[in-house]
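Just so we're on the same page, this note's numbering is the position in the sequence shown counted from 1, plus 109.
No lab work stands behind these hints, which were simulated from the structure alone. Mixed in with the good hints there might be a few duds.
[What the hints assert, rightly or not] Cβ pair distances, simulated, as ranges:
1. GLU230 / ASN389: 32 to 38 Å
2. VAL412 / LYS150: 19 to 25 Å
3. LEU399 / GLU425: 17 to 23 Å
4. GLU172 / GLU410: 25 to 31 Å
5. GLY465 / VAL319: 28 to 34 Å
6. ASP365 / SER180: 44 to 50 Å
7. GLU173 / LYS459: 29 to 35 Å
8. LYS263 / ASP486: 49 to 55 Å
9. LYS477 / LEU399: 27 to 33 Å
10. VAL319 / ASN421: 47 to 53 Å
Heads up, the beta-carbon is just placed ideally off N, CA and C, and yes, glycines get one too.
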Amino acid sequence: MKAVLLNHKQLYTTPNLHMTYVPLGCVAFINKALIFMIMKKEIHIWDLSVEKIYIQLRAGFREEFFDIGYSKFNGWRKFGEFFGIKRADTLMAINWRSGTNCYPLKVILKIGDLIDISREEIEKNIIQVKYKTKINKRGGSSGKPINDPRLPIKIDAEFIEMLGHICGDGTIGITRSKGIKISYINSEKYLIDYFNLLVKRVFGDIKPYVEMRNNPNQYRRPNYVISYPSIVSHFILSVYNYKTGERLEFPQFVYDLDKNMKYVFLRALFDDEGSVNVKNKHIKIGLKPLGFVQGIKNLLEDVGIRSSDVKNETRENGHMHYLWIMGKENLTFFYDRINFNHPGKRLKLKTIIETGWSFERFSNGLAKKRILEILNDRKNITADKIARILERSPRVIRYHLKNMGVGMVEQN
(Lines of atoms letter the chains of each structure in order from A and count residues from 1; the text may use other names and numbers.)
(Lines give C-alpha, C1' and ligand atoms only; values in the text may rest on other atoms or scores of the structure.)
Protein backbone atom coordinates (compact mmCIF):
# COMPACT_ATOMS: atom_id res chain seq x y z
CA MET A 1 0.00 0.00 0.00
CA LYS A 2 1.13 3.55 -0.61
CA ALA A 3 1.08 6.34 1.92
CA VAL A 4 1.45 10.06 1.28
CA LEU A 5 4.32 11.68 3.14
CA LEU A 6 4.63 15.40 3.70
CA ASN A 7 8.03 16.94 3.13
CA HIS A 8 8.44 20.57 4.27
CA LYS A 9 8.98 21.53 0.63
CA GLN A 10 6.93 19.03 -1.36
CA LEU A 11 4.54 16.08 -1.32
CA TYR A 12 5.79 12.69 -2.39
CA THR A 13 4.81 9.04 -2.10
CA THR A 14 6.60 6.03 -0.76
CA PRO A 15 5.74 2.30 -0.80
CA ASN A 16 6.10 -0.19 2.01
CA LEU A 17 6.49 1.61 5.31
CA HIS A 18 8.70 -0.48 7.61
CA MET A 19 7.64 -1.03 11.21
CA THR A 20 9.82 -1.31 14.28
CA TYR A 21 8.61 -3.08 17.44
CA VAL A 22 5.03 -2.95 16.20
CA PRO A 23 2.75 -6.02 16.09
CA LEU A 24 0.89 -6.90 12.94
CA GLY A 25 -2.43 -5.57 14.17
CA CYS A 26 -1.04 -2.05 14.27
CA VAL A 27 0.26 -1.89 10.69
CA ALA A 28 -2.98 -0.67 9.14
CA PHE A 29 -3.40 2.40 11.27
CA ILE A 30 0.32 3.27 11.24
CA ASN A 31 0.33 3.26 7.43
CA LYS A 32 -2.27 6.01 7.68
CA ALA A 33 -0.30 7.93 10.27
CA LEU A 34 1.82 10.01 7.93
CA ILE A 35 -1.18 11.52 6.14
CA PHE A 36 -3.27 11.84 9.31
CA MET A 37 -1.81 15.02 10.68
CA ILE A 38 -2.01 16.77 7.32
CA MET A 39 -5.78 16.55 7.53
CA LYS A 40 -6.59 16.55 11.26
CA LYS A 41 -5.65 18.30 14.47
CA GLU A 42 -6.97 15.61 16.79
CA ILE A 43 -7.06 11.84 17.29
CA HIS A 44 -10.44 10.17 17.69
CA ILE A 45 -10.84 6.86 19.48
CA TRP A 46 -11.85 5.18 16.20
CA ASP A 47 -8.59 6.29 14.57
CA LEU A 48 -6.86 3.55 16.58
CA SER A 49 -6.69 -0.11 15.65
CA VAL A 50 -9.81 -1.05 17.61
CA GLU A 51 -9.28 -4.83 17.90
CA LYS A 52 -7.77 -4.74 21.41
CA ILE A 53 -9.11 -1.40 22.67
CA TYR A 54 -11.54 -1.70 25.59
CA ILE A 55 -13.62 1.11 27.07
CA GLN A 56 -15.98 2.02 29.89
CA LEU A 57 -18.94 4.34 29.28
CA ARG A 58 -20.34 6.98 31.62
CA ALA A 59 -23.09 5.92 34.03
CA GLY A 60 -26.52 6.89 32.73
CA PHE A 61 -25.42 6.91 29.11
CA ARG A 62 -24.14 3.35 29.53
CA GLU A 63 -27.45 1.89 30.76
CA GLU A 64 -29.44 3.74 28.12
CA PHE A 65 -27.06 2.57 25.38
CA PHE A 66 -27.47 -1.13 26.20
CA ASP A 67 -31.20 -0.78 26.91
CA ILE A 68 -31.80 0.58 23.40
CA GLY A 69 -30.01 -2.44 21.96
CA TYR A 70 -32.00 -4.77 24.21
CA SER A 71 -35.28 -3.22 23.03
CA LYS A 72 -34.27 -3.37 19.37
CA PHE A 73 -33.64 -7.14 19.56
CA ASN A 74 -36.36 -7.81 22.13
CA GLY A 75 -34.00 -9.66 24.43
CA TRP A 76 -30.39 -10.06 25.51
CA ARG A 77 -29.80 -13.41 23.82
CA LYS A 78 -30.63 -12.18 20.30
CA PHE A 79 -28.84 -8.92 21.00
CA GLY A 80 -25.68 -10.80 21.91
CA GLU A 81 -25.90 -13.37 19.13
CA PHE A 82 -26.08 -10.63 16.50
CA PHE A 83 -22.66 -9.36 17.62
CA GLY A 84 -21.15 -12.77 18.39
CA ILE A 85 -21.43 -12.35 22.17
CA LYS A 86 -22.04 -15.55 24.15
CA ARG A 87 -24.04 -15.51 27.39
CA ALA A 88 -25.25 -11.99 26.70
CA ASP A 89 -27.78 -12.25 29.53
CA THR A 90 -24.82 -12.21 31.91
CA LEU A 91 -22.01 -10.46 30.06
CA MET A 92 -24.01 -7.66 28.42
CA ALA A 93 -26.99 -7.43 30.75
CA ILE A 94 -25.01 -7.44 33.99
CA ASN A 95 -21.26 -6.98 33.53
CA TRP A 96 -21.33 -4.45 30.70
CA ARG A 97 -24.53 -2.61 31.56
CA SER A 98 -23.61 -2.21 35.23
CA GLY A 99 -20.05 -1.08 34.46
CA THR A 100 -18.41 -4.03 36.21
CA ASN A 101 -16.27 -4.85 33.15
CA CYS A 102 -14.84 -2.90 30.25
CA TYR A 103 -16.06 -3.87 26.77
CA PRO A 104 -14.47 -4.00 23.31
CA LEU A 105 -14.56 -0.72 21.42
CA LYS A 106 -15.09 -2.62 18.18
CA VAL A 107 -18.42 -4.04 19.42
CA ILE A 108 -19.59 -0.75 20.95
CA LEU A 109 -19.01 1.11 17.68
CA LYS A 110 -20.99 -1.54 15.78
CA ILE A 111 -23.85 -1.32 18.28
CA GLY A 112 -23.80 2.46 17.98
CA ASP A 113 -24.09 2.26 14.20
CA LEU A 114 -27.06 -0.11 14.52
CA ILE A 115 -29.01 1.92 17.11
CA ASP A 116 -28.18 5.32 15.58
CA ILE A 117 -25.90 6.64 18.31
CA SER A 118 -23.01 8.50 16.68
CA ARG A 119 -19.37 7.74 17.26
CA GLU A 120 -18.91 11.30 18.51
CA GLU A 121 -21.60 10.76 21.15
CA ILE A 122 -19.99 7.48 22.23
CA GLU A 123 -16.55 9.10 22.40
CA LYS A 124 -17.89 11.97 24.50
CA ASN A 125 -19.14 9.49 27.10
CA ILE A 126 -16.01 7.32 27.43
CA ILE A 127 -14.66 7.49 30.99
CA GLN A 128 -11.97 4.81 30.67
CA VAL A 129 -9.92 3.33 27.84
CA LYS A 130 -7.30 0.57 27.92
CA TYR A 131 -5.42 -1.80 25.61
CA LYS A 132 -5.57 -5.57 26.13
CA THR A 133 -2.26 -7.28 25.47
CA LYS A 134 -3.85 -10.73 25.56
CA ILE A 135 -7.44 -11.79 24.88
CA ASN A 136 -8.77 -15.21 25.86
CA LYS A 137 -11.98 -16.91 26.97
CA ARG A 138 -11.58 -15.55 30.48
CA GLY A 139 -11.11 -11.99 29.26
CA GLY A 140 -7.34 -11.75 28.99
CA SER A 141 -4.93 -9.22 30.45
CA SER A 142 -4.61 -5.50 29.95
CA GLY A 143 -2.40 -2.63 30.93
CA LYS A 144 -3.39 0.28 33.12
CA PRO A 145 -6.20 2.45 31.73
CA ILE A 146 -6.51 6.12 30.97
CA ASN A 147 -9.27 7.41 33.23
CA ASP A 148 -11.33 10.41 32.11
CA PRO A 149 -9.50 10.47 28.76
CA ARG A 150 -9.33 13.85 27.02
CA LEU A 151 -11.02 12.61 23.86
CA PRO A 152 -10.53 13.43 21.12
CA ILE A 153 -6.79 13.81 21.80
CA LYS A 154 -5.68 17.26 20.63
CA ILE A 155 -2.57 17.62 18.47
CA ASP A 156 -1.52 20.79 20.29
CA ALA A 157 1.71 22.30 21.61
CA GLU A 158 1.76 19.96 24.62
CA PHE A 159 1.36 16.90 22.39
CA ILE A 160 4.18 18.10 20.12
CA GLU A 161 6.50 18.84 23.06
CA MET A 162 5.77 15.37 24.44
CA LEU A 163 6.58 13.91 21.01
CA GLY A 164 9.89 15.81 21.02
CA HIS A 165 10.85 14.13 24.30
CA ILE A 166 9.90 10.72 22.89
CA CYS A 167 12.26 11.37 19.96
CA GLY A 168 14.92 12.50 22.44
CA ASP A 169 15.29 10.41 25.58
CA GLY A 170 12.12 8.42 25.05
CA THR A 171 11.40 5.11 23.36
CA ILE A 172 8.48 2.97 22.24
CA GLY A 173 9.09 -0.77 22.31
CA ILE A 174 7.17 -4.03 22.45
CA THR A 175 7.31 -6.52 25.30
CA ARG A 176 5.51 -9.86 25.51
CA SER A 177 3.86 -9.11 28.82
CA LYS A 178 3.29 -5.34 28.59
CA GLY A 179 2.44 -4.83 24.92
CA ILE A 180 3.76 -1.65 23.32
CA LYS A 181 5.30 0.32 26.16
CA ILE A 182 6.42 3.95 26.03
CA SER A 183 9.27 4.98 28.34
CA TYR A 184 11.19 8.17 29.03
CA ILE A 185 14.56 8.18 30.81
CA ASN A 186 16.49 11.14 32.16
CA SER A 187 18.86 11.95 35.01
CA GLU A 188 17.10 15.29 35.60
CA LYS A 189 14.10 14.66 37.87
CA TYR A 190 12.50 17.95 36.83
CA LEU A 191 12.24 16.73 33.22
CA ILE A 192 10.72 13.42 34.37
CA ASP A 193 8.03 15.30 36.30
CA TYR A 194 7.48 17.70 33.41
CA PHE A 195 7.10 14.85 30.90
CA ASN A 196 4.55 13.19 33.18
CA LEU A 197 2.65 16.48 33.37
CA LEU A 198 2.58 16.71 29.57
CA VAL A 199 1.28 13.13 29.25
CA LYS A 200 -1.54 13.80 31.73
CA ARG A 201 -2.49 17.07 30.06
CA VAL A 202 -2.61 15.36 26.68
CA PHE A 203 -4.32 12.07 27.58
CA GLY A 204 -6.01 12.36 30.97
CA ASP A 205 -5.64 10.62 34.33
CA ILE A 206 -3.05 7.88 33.94
CA LYS A 207 -0.70 6.30 36.48
CA PRO A 208 2.85 5.73 35.22
CA TYR A 209 5.44 3.29 36.49
CA VAL A 210 8.55 5.06 37.81
CA GLU A 211 11.89 3.49 38.69
CA MET A 212 15.40 4.76 39.45
CA ARG A 213 18.51 3.20 37.91
CA ASN A 214 21.73 3.93 39.76
CA ASN A 215 24.18 1.23 38.66
CA PRO A 216 27.55 3.09 38.66
CA ASN A 217 28.82 0.83 35.88
CA GLN A 218 26.07 2.10 33.58
CA TYR A 219 25.24 5.61 34.76
CA ARG A 220 27.35 8.54 35.90
CA ARG A 221 24.28 9.89 37.68
CA PRO A 222 21.12 8.11 38.84
CA ASN A 223 18.60 7.90 36.01
CA TYR A 224 14.84 7.96 36.36
CA VAL A 225 12.63 5.90 34.04
CA ILE A 226 8.93 6.66 33.67
CA SER A 227 6.79 4.24 31.66
CA TYR A 228 3.21 4.21 30.39
CA PRO A 229 0.86 1.43 29.25
CA SER A 230 0.18 0.40 25.66
CA ILE A 231 -2.89 2.58 25.16
CA VAL A 232 -0.70 5.72 25.22
CA SER A 233 1.65 4.24 22.62
CA HIS A 234 -1.28 3.46 20.32
CA PHE A 235 -2.40 7.08 20.26
CA ILE A 236 1.13 8.25 19.45
CA LEU A 237 1.73 5.58 16.81
CA SER A 238 -1.45 6.64 15.05
CA VAL A 239 0.27 9.89 14.01
CA TYR A 240 4.00 9.13 14.07
CA ASN A 241 5.81 6.11 12.62
CA TYR A 242 8.30 5.73 15.47
CA LYS A 243 11.43 3.68 14.81
CA THR A 244 14.21 2.84 17.23
CA GLY A 245 17.93 3.57 17.15
CA GLU A 246 19.53 4.83 13.96
CA ARG A 247 16.30 4.30 12.03
CA LEU A 248 14.58 7.10 13.93
CA GLU A 249 13.04 9.47 11.38
CA PHE A 250 12.37 13.17 11.73
CA PRO A 251 8.58 13.81 11.79
CA GLN A 252 8.09 15.77 8.57
CA PHE A 253 4.72 17.19 9.62
CA VAL A 254 6.46 19.37 12.23
CA TYR A 255 7.58 21.71 9.43
CA ASP A 256 3.93 22.61 8.78
CA LEU A 257 3.02 23.40 12.40
CA ASP A 258 2.84 26.94 13.76
CA LYS A 259 5.99 28.52 15.15
CA ASN A 260 5.14 27.95 18.79
CA MET A 261 4.79 24.21 18.18
CA LYS A 262 8.12 24.20 16.36
CA TYR A 263 9.72 25.99 19.31
CA VAL A 264 8.45 23.49 21.92
CA PHE A 265 9.45 20.51 19.76
CA LEU A 266 12.98 21.90 19.50
CA ARG A 267 13.05 22.69 23.22
CA ALA A 268 12.22 19.09 24.10
CA LEU A 269 14.96 17.76 21.82
CA PHE A 270 17.59 20.16 23.18
CA ASP A 271 16.48 19.48 26.77
CA ASP A 272 17.24 15.80 26.21
CA GLU A 273 20.08 15.70 23.70
CA GLY A 274 21.61 19.18 23.84
CA SER A 275 24.44 20.67 25.88
CA VAL A 276 25.58 24.23 26.61
CA ASN A 277 29.23 25.31 26.64
CA VAL A 278 29.59 28.59 28.53
CA LYS A 279 33.31 29.04 27.82
CA ASN A 280 33.01 28.62 24.06
CA LYS A 281 29.52 30.15 23.91
CA HIS A 282 27.65 27.53 21.95
CA ILE A 283 24.83 24.99 22.15
CA LYS A 284 25.50 21.49 20.83
CA ILE A 285 23.10 18.68 20.02
CA GLY A 286 23.90 15.14 18.94
CA LEU A 287 22.04 11.98 17.94
CA LYS A 288 22.99 8.86 16.00
CA PRO A 289 20.59 9.17 13.01
CA LEU A 290 22.07 11.55 10.42
CA GLY A 291 18.69 12.24 8.84
CA PHE A 292 17.17 13.23 12.17
CA VAL A 293 19.96 15.69 12.99
CA GLN A 294 19.65 17.15 9.49
CA GLY A 295 15.93 17.52 10.23
CA ILE A 296 16.78 19.52 13.37
CA LYS A 297 19.07 21.77 11.32
CA ASN A 298 16.31 22.35 8.75
CA LEU A 299 13.79 23.18 11.47
CA LEU A 300 16.21 25.59 13.15
CA GLU A 301 16.68 27.40 9.85
CA ASP A 302 12.92 27.36 9.32
CA VAL A 303 12.35 29.32 12.55
CA GLY A 304 15.28 31.69 11.91
CA ILE A 305 18.32 30.13 13.63
CA ARG A 306 21.50 29.37 11.70
CA SER A 307 23.53 26.39 12.83
CA SER A 308 26.73 24.66 11.80
CA ASP A 309 26.92 21.89 9.24
CA VAL A 310 26.19 18.43 10.65
CA LYS A 311 29.42 16.73 11.74
CA ASN A 312 30.11 13.03 12.30
CA GLU A 313 32.09 11.73 15.28
CA THR A 314 33.01 8.11 15.97
CA ARG A 315 32.59 6.85 19.51
CA GLU A 316 32.83 3.50 21.28
CA ASN A 317 29.10 2.92 20.84
CA GLY A 318 29.05 3.97 17.18
CA HIS A 319 28.70 7.10 15.08
CA MET A 320 27.15 10.29 16.44
CA HIS A 321 26.05 13.29 14.40
CA TYR A 322 26.25 16.78 15.86
CA LEU A 323 25.49 20.39 15.07
CA TRP A 324 26.28 23.61 16.93
CA ILE A 325 24.45 26.91 17.44
CA MET A 326 26.85 29.84 17.84
CA GLY A 327 26.88 33.61 17.72
CA LYS A 328 25.06 36.33 19.63
CA GLU A 329 22.15 36.63 17.23
CA ASN A 330 21.42 32.90 17.09
CA LEU A 331 21.88 32.21 20.80
CA THR A 332 19.77 35.23 21.79
CA PHE A 333 17.01 34.08 19.45
CA PHE A 334 17.17 30.58 20.97
CA TYR A 335 17.13 32.03 24.50
CA ASP A 336 14.14 34.29 23.85
CA ARG A 337 11.93 31.88 21.91
CA ILE A 338 12.97 28.30 22.69
CA ASN A 339 15.25 28.06 25.75
CA PHE A 340 15.45 25.03 28.03
CA ASN A 341 13.28 23.47 30.71
CA HIS A 342 16.38 21.62 31.98
CA PRO A 343 17.43 23.80 34.96
CA GLY A 344 21.20 23.40 34.47
CA LYS A 345 21.17 24.06 30.73
CA ARG A 346 18.80 26.99 31.17
CA LEU A 347 21.17 28.58 33.71
CA LYS A 348 24.20 28.07 31.47
CA LEU A 349 22.50 29.71 28.50
CA LYS A 350 21.40 32.61 30.70
CA THR A 351 25.03 33.02 31.81
CA ILE A 352 26.18 33.23 28.17
CA ILE A 353 23.55 35.84 27.33
CA GLU A 354 24.21 37.95 30.43
CA THR A 355 28.01 37.74 30.06
CA GLY A 356 27.72 38.94 26.49
CA TRP A 357 30.35 39.06 23.79
CA SER A 358 33.51 41.18 23.70
CA PHE A 359 32.52 41.87 20.13
CA GLU A 360 29.63 40.71 18.01
CA ARG A 361 30.28 37.49 16.14
CA PHE A 362 29.14 37.48 12.56
CA SER A 363 26.85 34.63 11.58
CA ASN A 364 26.91 33.37 8.00
CA GLY A 365 26.35 36.20 5.51
CA LEU A 366 26.19 38.94 8.15
CA ALA A 367 29.76 40.17 7.59
CA LYS A 368 29.08 40.70 3.89
CA LYS A 369 25.85 42.52 4.69
CA ARG A 370 27.52 44.91 7.19
CA ILE A 371 30.45 45.67 4.88
CA LEU A 372 28.12 46.39 1.94
CA GLU A 373 26.06 48.73 4.11
CA ILE A 374 29.20 50.71 5.00
CA LEU A 375 30.46 50.78 1.38
CA ASN A 376 27.09 51.99 0.10
CA ASP A 377 27.05 54.75 2.69
CA ARG A 378 30.72 55.83 2.34
CA LYS A 379 32.17 55.18 -1.11
CA ASN A 380 35.84 56.02 -0.43
CA ILE A 381 36.25 54.44 2.98
CA THR A 382 39.40 52.40 3.60
CA ALA A 383 39.71 48.82 4.82
CA ASP A 384 41.28 50.08 8.06
CA LYS A 385 38.31 52.35 8.77
CA ILE A 386 35.82 49.58 8.03
CA ALA A 387 37.79 47.40 10.45
CA ARG A 388 37.55 50.04 13.19
CA ILE A 389 33.79 50.48 12.67
CA LEU A 390 33.12 46.75 12.82
CA GLU A 391 35.73 46.09 15.53
CA ARG A 392 37.60 43.61 13.35
CA SER A 393 41.19 43.41 12.21
CA PRO A 394 42.02 44.92 8.78
CA ARG A 395 43.20 41.46 7.70
CA VAL A 396 39.74 40.00 8.33
CA ILE A 397 38.07 42.86 6.44
CA ARG A 398 40.37 42.43 3.43
CA TYR A 399 39.59 38.70 3.47
CA HIS A 400 35.86 39.46 3.25
CA LEU A 401 36.39 42.11 0.56
CA LYS A 402 38.36 39.64 -1.53
CA ASN A 403 35.65 36.98 -1.22
CA MET A 404 33.03 39.58 -2.16
CA GLY A 405 34.94 40.51 -5.29
CA VAL A 406 35.29 44.13 -4.21
CA GLY A 407 38.22 46.00 -5.78
CA MET A 408 41.28 47.03 -3.77
CA VAL A 409 40.51 49.40 -0.94
CA GLU A 410 43.40 51.58 0.16
CA GLN A 411 44.77 50.79 3.58
CA ASN A 412 45.42 54.40 4.52
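For each hint, the structure was consulted:
1. GLU230 / ASN389: 32 to 38 Å: 59 Å, violated
2. VAL412 / LYS150: 19 to 25 Å: 20 Å, holds
3. LEU399 / GLU425: 17 to 23 Å: Holds, since LEU399 and GLU425 (Cβ atoms, about 19 Å apart) stay within the stated range.
4. GLU172 / GLU410: 25 to 31 Å: 57 Å, violated
5. GLY465 / VAL319: 28 to 34 Å: 41 Å, violated
6. ASP365 / SER180: 44 to 50 Å: About 48 Å separates the Cβ atoms of ASP365 and SER180, which means 44 to 50 Å holds.
7. GLU173 / LYS459: 29 to 35 Å: 57 Å, violated
8. LYS263 / ASP486: 49 to 55 Å: Taking Cβ atoms as reference, LYS263 and ASP486 lie about 52 Å apart, which means the hint holds.
9. LYS477 / LEU399: 27 to 33 Å: About 30 Å separates the Cβ atoms of LYS477 and LEU399, which means 27 to 33 Å holds.
10. VAL319 / ASN421: 47 to 53 Å: About 36 Å separates the Cβ atoms of VAL319 and ASN421, which means 47 to 53 Å is violated.
When each numbered hint is compared with the structure, violations occur for hints 1, 4, 5, 7 and 10.
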